[in-house]
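Undergrad: Going down the list, the sequences are from chains A and B.
Just so we're aligned: 19 in the working numbering is position 19 of the first sequence, and the numbers increase by one with no gaps anywhere.
In the working numbering, each residue carries its 1-based index in the second sequence increased by 377.
Simulated from the structure, these hints should not be mistaken for lab results.
There may be inaccurate statements among the hints.
To list a few chain B residues with every Cβ distance to chain A over 12 Å, as calculated [said to hold, decoys possible]:
#1 Asn379
#2 Gln422
#3 Lys460
#4 Lys547
#5 His571
#6 Glu587
#7 Ala591
#8 Ile603
#9 Ala615
#10 Gln618
#11 Arg646
#12 Arg654
#13 Phe694
#14 Glu739
#15 Ser745
#16 Thr753
Under 10 Å between C-beta atoms, here's a sample of chain A residues computed to sit facing chain B [said to hold, decoys possible]:
#17 Ala169
#18 Ile174
#19 Ala222
#20 Gly234
#21 Val266
#22 Ala267
#23 Ser270
#24 Val349
#25 Ser351
#26 Glu361
Even glycine gets a Cβ: it sits at the ideal position worked out from N, Cα and C.
Number of protein chains: 2
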Amino acid sequence: MNRVCEMTGAEFPLFAFSHCRDVVAAVSKAGGFGVLGATRFSPDQLEEELAWIDAHVDGAPYGVDVLVPEVVDPRVRELADNKSRAAMIDPSYQGFVNSVLGEYGIAPEADLPILRERMGITPENGLALMEVAFRHPIRLIANALGIAPPAMIEEGKQRGVPVSALVGAKEHAIRQAEAGVDIIVAQGTEAGGHCGEVSTLVLIPEVVRELARAGHDIPVLAAGGIMTGGQMAGMMAAGAQGAWTGSIWLATPEAETSDAFREKMVAARSRDTVRSRSRTGKPARQLGTPWHAAWDAPEGPGTLPMPLMGMVSEPAFARIEREAAAGNAGARELVSYFVGQGVGLVEQVRSSRQVVQDFREEFIDAVSGLMAAMDTQ
Amino acid sequence: MNRVCEMTGAEFPLFAFSHCRDVVAAVSKAGGFGVLGATRFSPDQLEEELAWIDAHVDGAPYGVDVLVPEVVDPRVRELADNKSRAAMIDPSYQGFVNSVLGEYGIAPEADLPILRERMGITPENGLALMEVAFRHPIRLIANALGIAPPAMIEEGKQRGVPVSALVGAKEHAIRQAEAGVDIIVAQGTEAGGHCGEVSTLVLIPEVVRELARAGHDIPVLAAGGIMTGGQMAGMMAAGAQGAWTGSIWLATPEAETSDAFREKMVAARSRDTVRSRSRTGKPARQLGTPWHAAWDAPEGPGTLPMPLMGMVSEPAFARIEREAAAGNAGARELVSYFVGQGVGLVEQVRSSRQVVQDFREEFIDAVSGLMAAMDTQ
């Protein structure tokens, strides 16, 4: 269809970011391009996931997304591992977590169950995951936040694997291009997860123009808010070469999301998300709940830097999910996850394969509609 | 081209909102559809403006946008006129204005120069302006904020003039449809002026679907961030029947904007706008300056409700413009106006006629590009 398809082997330039291998394989087999989000895995776990994909993807192209943070907060940079980092967290945060959860019928825990064992989002884990990814027949490696590290660029070039990176502002796109990135994913403020302030509709032409002006001939994928083939065609009309999507796959039966969260997705309006630091430590869009209201309130304790905030929040969200699954109605109110404003367009749970097919049909309908309008002008 | 063109007489469904009659006439004559923003005029002034347009538009269709506030803050609702309303403003606000302006080299004024004479954004002025508009051969009347009043709907139906209204959420679109509005303008958070929180890209399909589901067969125009024909085609791919634009016309030589502001527009990035209550009292996007930082800071005095905030802010912004025009560099830093994130796409000042022509060419290029991509699939 275009250059980004040639670079990656995708038949239809619909890139599906998912933490779930089943989604990745299903999308790639249906002609899209699955990208496994690897940040939550240990290197051994990622090895297992990718071996599964290799065995189930029927030779279709797929990619991996890792997160090697470029900037680490000075408060955590010096420390060698998460055990030392966890020791920095003031015990008052446990009290605050307990009070928020307590208000919704979840009993307090004596110890702050921070993530001492898992590495989480750290530079060392990001690089280890990258090494695992390069041992598999990936057709794309993505860096989720900040500038792609030189090791990724170099190894990508050696192995002929395009490197992509997410940006939320035109200046960042130029920095990525100068670092040697092959594909820019320009992500608008409506996106789930880490996001900037500028909308996808404005960001796409702004990034495309800025790259061209600086002499970088690099394709741009549009991310943020895209849940339909009509929106995908729309962002390609505005200058993108394809769509990078995330939230839509959370509403598939293959996804890692709970029933409780998928039900909330179907019910949610676009206005029900918040851009908050209260889960990872950086501004990330997610379904808004009283958790976010409590942490973001002026009288709250303030949020911690990455990765400390996640060490505090993730065990709490795991607990919330367990309690909600066990029928605790209060806990259900707190169920949340990273999701973009496009959640307002989710009307039902569909299989990943069906979502790709729907995108392809909607894309054709949208282009046909535009052609008809132009013909009668 | 489509139904919204049939309803309004527009040749190309590019709707141009402007406070400047020259822009309105130039756009309509070039095949787009100019809409005069009338809120700043007295009824007599509006009469004069529309007579000028009638004499210069060569019979091309145009419209008028008024603002009849649906909800008036209880603190100001009871008062009969702006003189009584102005009396409510605590003198400490004058001190704050003086301190902000003083930091940028603008000498303090002894009296708070509030807008005692001009009516501003009030229900009584909105309705009076509407009556003036209906005495002219308008092809559209728009209500800028809240539900279109029954008087507007009834008179529009009697005279065969379609009524449009701006919405920032799907629930508001349904309320407008139930009130009898003929065309919905769905405006995303990236828009200049009063705006909601959801991006244009998400809002368009959400509003289109919700109207269809509720059985309302009403065309939707996309507003917010649209500065190019490629973006316009994109929003039409996503379900809109045309584009409603505002910021792009501020960068034309015909516009009411100052040289200082137009220079700032060309220099600005998309991230340089803020959504702030500090000019009108309601969240409105504008070019961010130290004025906005000061009012929106936690230690600031807080903002006043509409229309009181405008009575305080507008004389200050008028003063800023005068000082900037006189060469005061500090004042230049404070120069601001309502503008959307699309300001990052403004690269030069172009005539209104040229902007319409560029939109038409970009539109055709975008659709041709999509067709080519689809053909090679």
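Undergrad: Each hint should be assessed against the structure and marked as holding or not.
TA: Here is how each hint holds up against the structure:
no., hint, in the structure
1, Asn379, "violated (5 Å)"
2, Gln422, "holds (34 Å)"
3, Lys460, "holds (36 Å)"
4, Lys547, "violated (7 Å)"
5, His571, "holds (16 Å)"
6, Glu587, "violated (9 Å)"
7, Ala591, "holds (14 Å)"
8, Ile603, "violated (7 Å)"
9, Ala615, "violated (4 Å)"
10, Gln618, "violated (8 Å)"
11, Arg646, "violated (7 Å)"
12, Arg654, "holds (17 Å)"
13, Phe694, "holds (24 Å)"
14, Glu739, "violated (9 Å)"
15, Ser745, "violated (9 Å)"
16, Thr753, "violated (6 Å)"
17, Ala169, "holds (6 Å)"
18, Ile174, "violated (12 Å)"
19, Ala222, "holds (9 Å)"
20, Gly234, "holds (3 Å)"
21, Val266, "violated (14 Å)"
22, Ala267, "violated (14 Å)"
23, Ser270, "holds (4 Å)"
24, Val349, "violated (17 Å)"
25, Ser351, "violated (21 Å)"
26, Glu361, "violated (12 Å)"
Figure legend: structure checked against the earlier numbered hints; hints not met, in rising order: 1, 4, 6, 8, 9, 10, 11, 14, 15, 16, 18, 21, 22, 24, 25 and 26.
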